[in-house]
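Protein chains in written order, with this note's numbering: chain A, 1 to 112; chain B, 1 to 860.
In case anyone wonders, no lab produced these hints; they're calculated from the structure. Just so we're clear, the structure is a prediction, and the values are computed from it rather than from any experiment. All the given hints hold, so there is nothing to weed out.
In silico lysine-lysine, BS3-like type, Cα no more than 25 Å apart, as pairs:
#: 1; chain 1: A; residue 1: K60; chain 2: B; residue 2: K66
#: 2; chain 1: A; residue 1: K56; chain 2: B; residue 2: K66
#: 3; chain 1: B; residue 1: K552; chain 2: B; residue 2: K614
#: 4; chain 1: B; residue 1: K770; chain 2: B; residue 2: K787
#: 5; chain 1: B; residue 1: K7; chain 2: B; residue 2: K49
#: 6; chain 1: A; residue 1: K31; chain 2: B; residue 2: K7
The lines below spell out each chain.
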Amino acid sequence: MKGSNIGELEELILLVVGVLYDGAYGVSVLKEIKDQTGREVNISAVHAVLNRLEEKGFLKSEMGGSSSTRGGRRKRNYYLTSTGRQTLDQVRSVRERLYSQLSPLGSYQFSS
Amino acid sequence: MSQNSTKPPKWADRFLSWYCNPELLEQIQGDVHELFYWRLEEEGYEKAKRSFTWDVIRLFRWSNIKRTTSQTQKTNNIAMFKNYFKIGLRNLWKQRMPSTINIIGLSLAIGCSIIAYMYIDSQIIRDDYHEKSDQIFLGTHEAFEEGDLQRYGYLSLPIADQIAEGFSGVNRVVKYSGASISVKIGNRGFSEFAGFTNSEFFKTFSFELIYGESNALDKPDQIALATQTSKRYFGEDYPIGKIISIKIGEERKDFEVAAVFKEAPHNSSLKPEVLLNYSWLTKNKDPKEINSHVFIELDENANTTEVIKSFQSLVSVQNGFNLESKYESIGLEPIKTMAKNSEQINGGIGRTPPMAPMVLLACIGSFMLILATFNYINIATVMATRRIKEIGVRKVIGGKRSQLITQFLTENLILCTFSVVLGCLLAAGFFMPQFNNISGSSLKFNIFQHDSLWIFLLGLLLFIAFVSGAYPALFVSKFKPVKIFRGNQNVGGKRRFTSVLLTFQLILATITILGGIMAVQANRANESKEWGYDQFNKIVIGVSPTYYQPLKQEVLKNPNVLAVAGSINGLSRTWNFQPMKIGEEELIGQVLTTDRDYPELLGIPLISGRYFDKTLVSDLNSSVLVNETFMKRFLLDNSKDHQVLIDSTNYQIVGVLKDYYYSSFSDGIEPAVFKVASDSELTSLTVLVKDGTISEVRDELEEVWDDLGTETAFSSFLQSETRDGEFADARGLRNVLLFTATLAIILSAMGLFGLVSLNVSARIKDFGIKKILGASTMHITKEVYRKFVFILGFAIVLGSLVGTKLVGLLLDSAFGEHLPISVFTLMLSSLILLAVAMLTINTQMRRIKTMNPSETLRVE
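Next up, chain A with everything else stripped away, as it sits in the complex (with noise of 0.2 Å):
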């Protein structure tokens, strides 16, 4: 297994794929990035990334049903694996522990 330390568009995918629970798959994904976050994520950018994930083994993944704006085609969907809801627990609680270790707002300078 690769390391586990994981980028930010990978975390990002990495809670969206959670966040739709059932229904991830690519341009959920890619829509649901939109909607939440207001950022253009490029279909390409997603697919590598949520290939990625699935061989670092954040997440497992199986053919699923087709819909007629596909062309009848399946979408392959993705869903989040316990070593993956570890790692963004992981990051999570890394980021708060920082965070919380941060000094009162308003006590830095901003100019010099």
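Given the structure of chain A, go ahead and fit chain B onto it with the hints provided.
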């Protein structure tokens, strides 16, 4: 909006399906389509289309393109190739006869093309054997000659010396000039063309020293010899330290042999045999007046353009000498290209290789390759149809067509590899010595030192394997298994392609046979053709004017000598062409300067007027004899007196001689003028001897010569030998063409044999039944013949037509005027081909004739 226009752009979609890994295609294509329809609603058609295209392009990445292959499939592939090899070898062994035909044919053809390649290679790539050949340049200059800017391959000595002294980037400078010398060792004499150079010679050029040191030429009284020359002089004795006497110009001096070097390779433009110190050329002369070839070796990383630029400062130095030769610029020519460009460089070194032999050899090589490849295609196709069940089984258990093609190509590669190896052996062991013998070249087949030969052989192997294997492989892999097993796959078929190839082969064979016959005829005609004068029983001896009279006196004492005559330049190998003028008309003609007896002694018949008269003093300075062509070109009338102006002297024409050939027949006849020189100027003596005594007299004359006490060696030739070189060339050409014809006949006969035998085997049951039912052998023979008669006839007609043209062209360039290609010749060549074809087919008919029908029918 029409239905069509709301769909994603077709080309992008197709592009995606093309590149995408099939395993990933469904999900990816689904995603982009879904996105398209979503965008179509949100953002409109145009935007959606653009985004779709963009997505497709963005998805074009390696992870989506690469096809995943599992480990098991890979091992299986290797096992498969092992299988192919095994089956290929078994097949070769099982079908021995056709395989042998294929291998022999291909290897003969490959042998031929190797020779052709090596000859052409040695002609085109010259002077590349020097280790530093990239750094060596020939110094050149440009100057105006009668208004034209010309390039010259030499420099004056002071310029060469200045280049050697102080130019950055210049490593060494080698001066090199040639001059005739005469060598004397004991009482033996040799005439040589020696190279004069400085000791840098051995440091710059890669001539391997066998004995002695590379500084041999440092001392003026030391010389270096090539190995063969050294053997000629001293036999097997150790040559270093031997003293030989050399005459340079008018001076004779003793020299010590200080080094012996290995001969230059055959593709060298520099072929020195004797090397002397350069100082002997400059003795008592103004160096400014002397021009020399100058080789300049640059530093390893010198910038050539910079160096040439810096040389331009020498132009003013040269022009400051107040000589007639003014330079415009100084340049450098790489040693590797100096031979190729020798036509643009006046007085350079090396010569452009003649095109004609190269074209001829290339043609022969490719003819043979075509013949052998076609043989192969035909036989392999028929052979493969015998394995049709194997193909069917392979296909049924899931062999793909591409796998079958790979299998057949692999088998093909095995066979071609055999052929290439055998071809190399043939070339090295048989073709190369023969070819060297005929062409007088010294090619060496050394595969380990010849890098480009490797590339050539490899390319040839792949090319032949592919070209010859492609059609059979495609043909047999096309069969449908169902049809094969049901038994109605028409494997025999008409096979038009096979017939076309066979026809083409036979056409080529006809052409080469025609070429061979014509070359023999032309050669015979050429050698028996009259020269226009009597070339027999005449010995020509070269002699200096001082010894001319004593020699003549001595020679005349010999009882077998009938008469003698002298000349300065007579009918030999060197010719003097000069402008000549009558009235306003000017022509270039040949001037022969002889004594008064010469034309009559040579037996050139007189047409009108008289020969030179010994009693008339006026003949010496003011009379000439001319030939018929001279009269024709000037449109003169035999009956009148005419005067001709040569070299600002007026001469009276006193007689007209019949035309004769002065050189090869292809050179034709030029206007010629004989004028008389006084006895004190003559430099060669032509001796007419009694029939059958010529070699005896020649030996006796050599003894006479030795008694005379001249400084030079006895040099003589027979008048009838003057054109030996030309005849040897023609004979070489004839032999090459005969050889080609023989090979072509053999190859096409083998092809025919293979086809007929396979044909007969395929129909052996058919013939068996026919025999049982009482068909005569004649009847069956007819049936087999019918298949080939049309092809043969067609090939002979077309081959004769094309051959007449091609061979005519070839003979024109080789023999000048030659006999027209007669009906008889055409008949003869057709007959030869027919006879060979019939013989070939009949060997197979014997098989049918002697076979026992019950045996062929009993099988199964």
